[in-house]
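Peer 1: The lines below spell out each chain.
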Amino acid sequence: MNSKDFYIDSFKKFESKLNGESKLFIHQLRKEALKQFETSNFPTQKNEEWKYTDVSPIVRQSFIPAVNAVQVSFSKEEVGKYLFKDVDCHLLVFINGLFSEELSLINELPKGVVVGNLRNLSKENPGSIEKYFGKLSKIENSFNSLNAAYSVDGLVAIVPDGKIVEKPIQVLYLNSSANEEVLSSPRNLIVAGKNSQVSVIANYRGVSDKSYLSNNVTEVFVDEYAVVSVYKIQNELDEAYHIEKVQAKQGKNSVFNHYNIAFGGAIVRNDINAVHNGENIETHYYGLYMINGKQHVDNHTFVDHAKPNCMSNELYKGILDENARGVFNGKIIVRQDAQKTNAYQQNKTILLSKSATIDTKPQLEIFADDVKCSHGATVGHLDEVSEFYIRSRGVPQELAKSMLIRAFANDVIETIKIEPLKEQINHMIFEHLHKIEVNNE
Amino acid sequence: MLSIKNLQATVDGKEILNGINLEIKAGEIHAIMGPNGSGKSTLANVLTGNKSYEVTNGEVSFVDKDLLEMNPETRAREGMFLAFQYPIEIPGVSNATFLKTALNEVRKYKGLEELTPKQFLDMLKEKAKALGMDESMISRYVNVGFSGGEKKRNEILQMLMLQPKFVLLDETDSGLDIDALKIVSNGVNIYKNPNTAFLVVTHYQRLLNYIVPDYVHVLYKGRIIKSGTKELALELEERGYDWLVAEQAEVV
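Quick mapping for you: the protein sequence lines, in order, are chains A and B. Using my numbering, the first residue of the first sequence is number 1, and each one after it goes up by one. Using my numbering, the first residue of the second sequence is number 1, and each one after it goes up by one.
Since the hints were made in silico from the structure, they are not lab data. We put the beta carbon where it would ideally sit given N, CA and C, even for glycine. Hints may be right or wrong, so weigh each one.
[Stated by the list, open to error] Simulated crosslink set (EDC-like; lysine to aspartate or glutamate; CA at most 20 Å straight-line):
1) B:Lys165 x B:Asp214
2) B:Lys226 x B:Glu23
3) B:Lys100 x A:Glu15
4) B:Lys151 x A:Glu102
5) B:Lys110 x B:Asp64
6) A:Lys123 x A:Glu15
7) A:Lys46 x A:Glu32
8) A:Lys348 x B:Asp122
9) A:Lys31 x A:Glu130
10) A:Lys401 x B:Glu89
11) B:Lys51 x A:Asp383
12) B:Lys51 x A:Glu398
13) B:Lys151 x A:Glu77
14) B:Lys51 x A:Glu384
15) A:Lys17 x A:Glu101
16) A:Lys4 x A:Glu15
17) B:Lys51 x A:Glu279
18) B:Lys100 x A:Glu398
19) B:Lys108 x A:Glu398
20) B:Lys100 x A:Glu423
[Stated by the list, open to error] Derived contacts from chain A toward chain B, CB cut-off under 8 Å, selection only:
21) Asn47
22) Lys51
23) Tyr52
24) Val385
25) Ser386
26) Phe388
27) Arg393
28) Gly394
29) Val395
30) Pro396
31) Gln397
32) Leu399
33) Met403
34) Arg406
35) Ala407
36) Asn410
All chains should be built: construct the whole structure from the sequences, respecting the hints.
Peer 2: Structure below.
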């Protein structure tokens, strides 16, 4: 049985486990998504958007949907190893995309703020979910429809008008299995009402000998004057497959910050899309991809400047070693109506080995005439003169290189506003450079 | 301390050093002068182990060890220090972090304990003060946004912190106004002691008013064509290099 038939076939077993839940509106959406999945195909390299990323290794395998798989349990101590520490936060833990109540800790929240998981909330408060679920993310390929068909669980954060969630929400997506290859399908929903604020730390980790597929969709509603920050740190196993589509919609005077720190996997693909639906909007994209071995990371970003007087700023930096492969595609559309747009984009990559490769493609489509737009893409090597300078002070070569790499990454890292998070990401960078573990204690 | 015998070196296959012989003892200050392209900076880079320069012949012994066998970091840990002509900017790495890393590497090599953060900071503040540097530079990124003079001063600060045995100053005076020149020279003079030696590479005599050499050597086409005392520097200032070059031509 090929994987497509496997996923279609597995749906029956999945439904049989749902009991009463199969009557919920969300299940109707799943069934529709499955229909779309049946008639669509996984993207191939003939598709321009997937030209540099061959997903056939994913398609060849049949991953068992997490709801049908053997459940893996973790203790708080075990999970603690994977968390960002010293961050005063609300914590939600998903194991293979399924919520773990006992490992999560949601502190007191301002009145009316909802932070929880999709599965419980679609039972307890279906109205609030129905209003937003699936409204932004249109199904564009089989990964999207597969996510929607198996969208059992995920983060839900709904912040009403004028409310500020001061502590960030840390979401640990831990993927693990005993002895099978699992499909996890987190479906996340972040809704920020007018003049509200919320930050999410999306922490993706893996512990498994087995390969797995983490196939995510995240919808982000950023209403007028709201500020939403999403910090995604994807630090998974070399065997992991990871796909995420982020679809954001911004109202006037809102700010959306998206950080995408990727330490790789066998294949990682991010689609990060923001659509402007008002004036004076800001969108900030920061990315760092740091990969080695045979890892492959593909970042596709998109800002749709539909209205006047908005700005977007994007900085993506990559460090590629060994046979790693990077892809960057940064698309910006400035529509005819979007006069006085400021759009900046930069992609810089350092190749540490002869066999590492990057395909980088800025894609600007400008239909307005009074705009400021710039883009730049550079690919280079570590500067030997700088390396010599550091070594000439007694610092060993490996450490000199790592200093220069951290210096290179710093433009991105220093924009992170949560100090302990910034520090721990710096540790992760160090660990990846030296293939050692930094003790955070 | 440093003994150079028949040193020859090339850059991109082009011969730059053509048989240098030089003996430098502890406590001495030597100056190397010469016109542009004579090989002054090459000598400094070869001695500190810049791999863009290839040694094709000759021997260099430093504190009775084969210098040319050592990588740059080992040379530094043995006590070799180059104040760069063009110091490098390292965004994202603070002066404090950089110096602490370097100093602890050097100390580790010598079998000394690492400094505590307080010991280190006290030392850094003291040295910075001696050079008239603002304390805020401690947390600034290495040389990022520094003026030419600040960068040179930062090189001298690194020297004071690392306490090398042998210091190469590569055109440290270039681009410095007289005040900065005095501060930098003062830093060198504070540090000067019977156990250290200096090799001052310079194009102009000016610096040698402040850092007074025991010996002056003239480098031309990759060879030392004349050696003398500090008076030679004054003579060069007055007469230029041409008379020496002519003299050299007669000899050949």
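Peer 1: What hint numbers does the structure not satisfy?
Peer 2: 3, 4, 7, 8, 13, 17, 21, 22 and 23
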